[in-house]
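Peer 1: Here are the chains, one letter per residue:
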Amino acid sequence: MKKKLWMIFGPVIVAIAALLILLWAPINFKTVTPQKVQQAATSLDVRVLKGESVKNAAEKENYIPIIGSSELSRMDPFHPSSMAQKYHWKNKPFLQGNPGTASLTQAMNVGGMTNLKGNKAVFIISPQWFTKSGVPSDAFKYFLSPLQLTGFILNSSTGDKAMNKYIANRMLDLGVDKGPIENDALKRISEGKQITDFQRFYIKNFARSSLQSQDNLFGSISMNDHENQINKAASQLPDKYDYKDLNKLATKLAAKHSSDNDMQIGNSFYKKELKKRIVRYKNAHRHVTYTHSPEYNDFQAVLYMFAQNKTEVMFVIQPVNPHWVKYTGMPMSSITNFDTKIKYQLKSQGFNNIVDLSHVKNPNYIAEDTIHMGWRGWLMLDHHLKGFYKDKKANPKNTQYKMDSYFLTDTWANNTDFSNNK
Amino acid sequence: MANITPYSSPHYFIYLLLLLLPIIIGLWFGKRFRAYDFFATVVILITAFFGGNMTQGISLLCYVLYEMLLVFIFLSYRKKHNNFWVFTMFVLLAIVPLVFVKLDPLLKNQTISLFGFMGISYLTFKSVEIIMEIRDGVIKKITPYEFGRFLLFFPTITSGPIDRFKRFQKDVDKVPSRDEYVELLHSGVNKLMKGLLYKFIIGYFFGTLLLPKVQILAMSYRYQAPLGLSWWVLAYMYVYSMYLFFDFAGYSLFAVAISNFMGIKTPMNFDAPFKAKNIKDFWNRWHKTLSFWFRDFIYMRLMFTIIKHKWIKNRVTIANVGYVALFLIMGFWHGETWYYIVYGIFHAIAMITNDAWLRYKKKHRESIPSNKFTHAFAVFLTFNIVCFSFLIFSGFLNTLWFS
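Order-wise, the sequence lines are chains A and L.
Take the first sequence: its position 14, counted from the start at 1, is 13 in numbering that gives the first Met the number 0, and no numbers get skipped.
Take the second sequence: its position 233, counted from the start at 1, is 232 in numbering that gives the first Met the number 0, and no numbers get skipped.
Derived by calculation from the structure, the hints in this document are not laboratory data.
Treat the hints with caution; some may be incorrect.
[Stated by the list, open to error] Quick list of the computed label-pair ranges, beta carbon to beta carbon: (1) T30/A x Y220/L: 34 to 40 Å; (2) S176/L x S156/A: 56 to 62 Å; (3) I23/L x G178/A: 26 to 32 Å; (4) H374/L x L18/A: 40 to 46 Å; (5) G174/A x R31/L: 41 to 47 Å; (6) L18/A x I23/L: 17 to 23 Å; (7) H374/L x T30/A: 44 to 50 Å; (8) M267/L x K3/A: 18 to 24 Å.
In this text, a Cβ means the ideal position worked out from N, Cα and C, and glycines have one as well.
Same shape as in the complex, but just chain A (with noise of 0.2 Å):
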C-alpha cells in the first residue's frame, strides 16, 4: 500500500519541492548575457519593462536607457539606436516604452533601476499623454510589474513621503490589484503610514523573493527581437557622419516612404491606420488641451524617481506632424501652452536638459507619421544625443534637485497661469 501511494503522491511531492526551489531558493539563476542585454537593448519586450535583472545589468555595462512610449518602435535608419550603432557612440541606448506606456508607468519602472544611480538617462515626453482623464486605468494595469510594485512597497518607508503617498493613491484610484497584502500595504501608504513588519515580511520574503527568481528566469528568454531591423536601418546610412548630408538623406528618404498621401504621413501607417477613416479626424481635435491633467501629478512622480536615483536626465518633447495639427484643426496654442507649462515644472525643479521639438524652424518631415517622432526628428535629437552619451555618468552639478510638492496637487493638475501663482 505505501509504495502504491507513494507512486500516486510521490511525483506530486517531487513537483512541488522542485517549485519551491526554483521560486524560493536563495540561489541566483544567472541568465542575463551581454548578447541578453544588446537584444533587450532594442526588444522593447514588455518583459523588459516590467523586469528588472536586465535592465539593471544593462546599466552596468556601456548603456544609456531612452524612456518614452510608442515612438521608440519607429525604427527608420535615424533612430537612435541605428546611428548609435553605425557611428560607434561609445554608449548605446537601450529603450523602455511601449504604446501606451505613459508617466506613471514610468515612473515605477526607473524606481525599479536601482543601478540607474548617478547615471544618465533621457525621457521623452509625448504632449498626447496629457488628456483630461490621464492615463487609461486599463493600460497601466496592463504594465503594471508586480515586481516593481512590491519594490516600491518596501523603499516606501525611505523615499519621499509625498511622492510616496501619491503614488498609492493613484494606483489605488487606478484601480490596482495584486493580493490583498500588497493593496492593505498600499493603502497603508497612501495614508502617509509606515507599513506593518508582516507585510514588509511577506512581501520581502515571499512575494518579491518570488518574482525575482521568476524574472530572472523567464525575464529574457525568447524576447522580441529588433535586432535584424536596426542592422538594416543602419546600413543605410552613409560612412561618414555630415550633419548636412544625413539631414538631405533624411528628408529623400522620408518623402519616399510619404509617397501615397500630402501630409508627410508614412505610407504603411496610412494605409493601415488612416486612409478608409481620414475624413473623421478632419477638424476633429478643434477642442484638444493638454493643460489640465492628471498626467502633471504623475510626471512628478518621474521627477521625484529621477531626483532620488540622482539621474541626469535629458528631456525630449516630442514633435507633431503639423501637416496632421492642420488636418485635425488643433490650435497651435495647444502645443505652446502644454510646452510652457511642462518647461516651468521641469525648470523650477532643477530639470534643465530640454531638448524641445515641438517648435523648430524647418518641421518638415519630423515625425514618421502623425504623433510620433522619426527621420529628421530621430536625426535633431540624435545631434543632442551624440555629446550626451559621449559619458555615462551623471555629472553631480547637473542633479542639484529640488523638489517641490506643489506639483503633485491637483492645482497644479489644473492650472495655466502658474508662473506667479503659486
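Given the coordinates of chain A, work out where chain L should sit on it, guided by the hints.
Peer 2: Relative to chain A, chain L alone:
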C-alpha cells in the same frame, strides 16, 4: 470580498485541498462525515456566491428552493396521475428562470432575471433531468436533502460535468473500499495534474498570451480585404479553438478530480475530441455530458414523439428535423446573439450532411476507398469544420464586422 470563481487560479487549489483533507482522511478510513460534507459545501458556496453584495448567493438559494418546490409537487402529482400537458408545464416552469437569465442581455433594463448566478444552466439541466425521470418512473423517491446534495455538489456546481441523479446517488450512498478509493485517488491526482497543465499552461499560452496578439493583428487588417478577412482571422480561428478546448477540458478535469477525491465518479466531459472522424463522432467526444443530456432529454424524446404521432413518415426527415431542433436549442441556450444561433444551424447542417454522406458511403461501399489516408483526411476535415464553427461561436466575426 469578491466572489471566487472555482478553479480560476492556482491558489484556489491550495485552499480547496485543505478543505477536502478531512473528507479524504474519512474516506480512507471508510467513513463519510455527512456533517462535514455539508460544512464544506457551505464554505464553497459562500466564497463562490456570497462575495460582494450577495445577490448571486440569494438568487442561488431562491432558485434551489423554487426548483425543489416544483420537483416535489410534481413527484406527488405523478404518484396518481400522468398527464402529458401537466408534465410539459412543469418542465417549462423549471426552465423559466434560465430563460429569463438568457433573455436579459436583450433587454435594456436588466430586471427580469431574478435568478442570475454563475452556473444556473447546469443546475437547470439537473432539475429538468429529475422531472423527466420522475415522469418516466425511473426516479420514484427523492428527499429534499438528496435533491439539494445532488444539485449543489460543489466540484461541478459552476460548469459541469452534468451528472445524472441515479448515478450520483449510487456513489454518494456508499463508501468505496480501500482499494477502490486508492484507485480514485490515483485517477484524481492524474486528472488534477493534467488539468493544471491544460488550463494554466497550455490554455494560458493560447488564451492569454497568443489570442490578444492575434486578435489585434486580425483587427488591424480588417480594412484591407472584403469581409475583413486576412490570414490572421484564420490564425484566430485555430488559436481560439485550442484555447477553448484546453481551458474547458482543464476545468472539467478539475471537477472530475475533486469529485474523485470525494469518492464520486463524476463522468468525464472530453474524450480526445480532435481525433473525431466525423461530426457525429465529435459530439460523442466534446462536452459529452452536455451532448448526451441533449440527446437523451431532447433529441430522443422528440424522435419518439414524432414517430408515435406519425407526424412525419420518412426516417431521414425525422432525424434531420431532430438535428435542427436540437442544435437550435443549443444555440439559443448559449445566448441570444446571431453568432450562437448561426453556430447551432451550422452544426445542424454538418450533422445532416454527415448522415447523408454515411448513407451514400454505405450504398457504394465497394467503390469508396477506406484506408489510413482516408481516415487521416476525415480527421483533418472534421477538425477544420469544428474549428470554423468555433470561430463563429467566438463572436470574433461580430467584432470584426460590426464594431
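Peer 1: Taking the hints in turn, state whether each one holds.
Peer 2: Now the hints, each set against the structure:
| no. | hint | result |
| --- | --- | --- |
| 1 | T30/A x Y220/L: 34 to 40 Å | holds (36 Å) |
| 2 | S176/L x S156/A: 56 to 62 Å | holds (59 Å) |
| 3 | I23/L x G178/A: 26 to 32 Å | holds (28 Å) |
| 4 | H374/L x L18/A: 40 to 46 Å | holds (41 Å) |
| 5 | G174/A x R31/L: 41 to 47 Å | holds (44 Å) |
| 6 | L18/A x I23/L: 17 to 23 Å | holds (22 Å) |
| 7 | H374/L x T30/A: 44 to 50 Å | holds (45 Å) |
| 8 | M267/L x K3/A: 18 to 24 Å | holds (23 Å) |
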